[in-house]
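Novice: Residue 213 is where the sequence shown ends in full-length UniProt numbering, and the numbering goes up by one at each step.
Keep in mind the hints are simulated off the structure, nothing from the lab. Check the hints yourself; a few may be wrong.
[Claimed, not checked] In silico DSS-like links for lysine-lysine, alpha-carbon gap of 30 Å or less:
1. LYS74 / LYS172
2. LYS50 / LYS190
3. LYS172 / LYS190
4. LYS50 / LYS172
[What the hints assert, rightly or not] Label pairs and their calculated CB-CB ranges:
5. PRO73 / SER201: 29 to 39 Å
6. PRO131 / GLN60: 33 to 43 Å
7. ASP47 / SER201: 37 to 47 Å
8. GLN202 / LYS74: 30 to 40 Å
9. ASN153 / ALA188: 27 to 37 Å
10. GLN195 / GLU52: 12 to 22 Å
11. ASN151 / SER118: 30 to 40 Å
12. GLN60 / ASP129: 31 to 41 Å
13. ASP113 / GLU136: 36 to 46 Å
14. LYS50 / PRO128: 17 to 27 Å
15. ASP113 / GLY194: 18 to 28 Å
16. MET183 / SER46: 15 to 25 Å
Ideal Cβ placement from N, Cα and C applies to all residues, glycine included.
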Amino acid sequence: MSEDYGKRDRTIFWIAFLAGVTMVVGYAIYTLWPREPAEVDLSALSDAPKLELSIAGQAQGTVVITLRPDLAPKHVERIAQLAREGAYDDVVFHRVIDGFMAQTGDVEFGRVDTNDASRAGMGGSRYPDLPAEFSEVPFVEGTVGMARSQNPNSANSQFFIMFAPGPFLDGKYTVVGQVTQGMDVVHAIKRGEGQNGAVTSQPDVITEARVVD
Numbered sequence: 001m002s003e004d005y006g007k008r009d010r011t012i013f014w015i016a017f018l019a020g021v022t023m024v025v026g027y028a029i030y031t032l033w034p035r036e037p038a039e040v041d042l043s044a045l046s047d048a049p050k051l052e053l054s055i056a057g058q059a060q061g062t063v064v065i066t067l068r069p070d071l072a073p074k075h076v077e078r079i080a081q082l083a084r085e086g087a088y089d090d091v092v093f094h095r096v097i098d099g100f101m102a103q104t105g106d107v108e109f110g111r112v113d114t115n116d117a118s119r120a121g122m123g124g125s126r127y128p129d130l131p132a133e134f135s136e137v138p139f140v141e142g143t144v145g146m147a148r149s150q151n152p153n154s155a156n157s158q159f160f161i162m163f164a165p166g167p168f169l170d171g172k173y174t175v176v177g178q179v180t181q182g183m184d185v186v187h188a189i190k191r192g193e194g195q196n197g198a199v200t201s202q203p204d205v206i207t208e209a210r211v212v213d
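Put together the whole structure using the sequences plus the hints.
Specialist: Given below as structure tokens:
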């Protein structure tokens, strides 16, 4: 039995690692051939639900994310459900790449009290993975997307916030929201010093996540 679990852990590790490498390679290519950043119009979303994240650590403050059920209803429903359950409370930003994005939301292995840097980013919630809900909305500064493995239909609980435009992600990752307040807090999140942006020591943490309808 222990051997089976060991094989499972190694498989999960390599899937997560390869997915991360793919994103980093895309980011590297983009920095060599940048394009004019697109803009996102949120004027019609004044009644959309908001996700408020209280963040502590190197970054201090509140980040407000306007969620996009119009683009990704199943993913937004999942995020809202987990937030209402308190599943995101005390979850760390386990992977943060300067100039690219900050990733969090591993409610299984990313909790601050049980955080293991070697496993953070490999977990999800107790709910099934979600089918992709890709859209034409671009990834710009402050865009929130769902993290996944190389399988497009593997997003679960983890999400990332963009520090800068990432057009290499457009149409390949599910957009679930846009930061509308607190982008200065996002930019202050502690960067990763480990492989593939892993934050191996004293990561910043979401102390509370709540949905405001």
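Novice: Taking the hints in turn, state whether each one holds.
Specialist: For each hint, the structure was consulted:
1. With a CA separation close to 16 Å, the supplied pair LYS74 and LYS172 stays within the 30 Å bound.
2. Note on LYS50 and LYS190: the hinted pairing holds, with a Cα-Cα distance of about 24 Å set against a maximum of 30 Å.
3. The hinted pair formed by LYS172 and LYS190 meets the criterion: a straight-line CA distance of about 26 Å does not exceed 30 Å.
4. Distance hint between LYS50 and LYS172 is fulfilled; the C-alpha atoms sit about 24 Å from each other, no more than 30 Å.
5. Between PRO73 and SER201 the beta carbon distance is about 38 Å. The supplied range of 29 to 39 Å therefore holds.
6. Restraint check, PRO131 to GLN60: a C-beta distance of roughly 37 Å satisfies the suggested window 33 to 43 Å.
7. Checked against the hint of 37 to 47 Å, the C-beta distance between ASP47 and SER201 comes to roughly 41 Å, which is consistent with it.
8. Between GLN202 and LYS74 the Cβ separation comes to about 34 Å, which falls inside the hinted range of 30 to 40 Å.
9. Range check, ASN153 to ALA188: Cβ separation about 33 Å, and the 27 to 37 Å hint holds.
10. Our hint of 12 to 22 Å for GLN195 and GLU52 is violated, since their Cβ atoms are close to 32 Å apart.
11. Look at ASN151 against SER118: about 22 Å separates their beta carbons, and that is not inside 30 to 40 Å.
12. Range check, GLN60 to ASP129: about 33 Å between beta-carbon atoms, so the 31 to 41 Å window is met.
13. Between ASP113 and GLU136 the Cβ separation comes to about 40 Å, which falls inside the hinted range of 36 to 46 Å.
14. Between LYS50 and PRO128, the C-beta spacing of about 26 Å keeps the proposed range 17 to 27 Å intact.
15. Checked against the hint of 18 to 28 Å, the C-beta distance between ASP113 and GLY194 comes to roughly 20 Å, which is consistent with it.
16. For the pair MET183 and SER46, the supplied restraint of 15 to 25 Å holds, since their beta-carbon distance comes to about 19 Å.
Hints 10, 11 from the list above are not met by this structure, while the remaining hints are.
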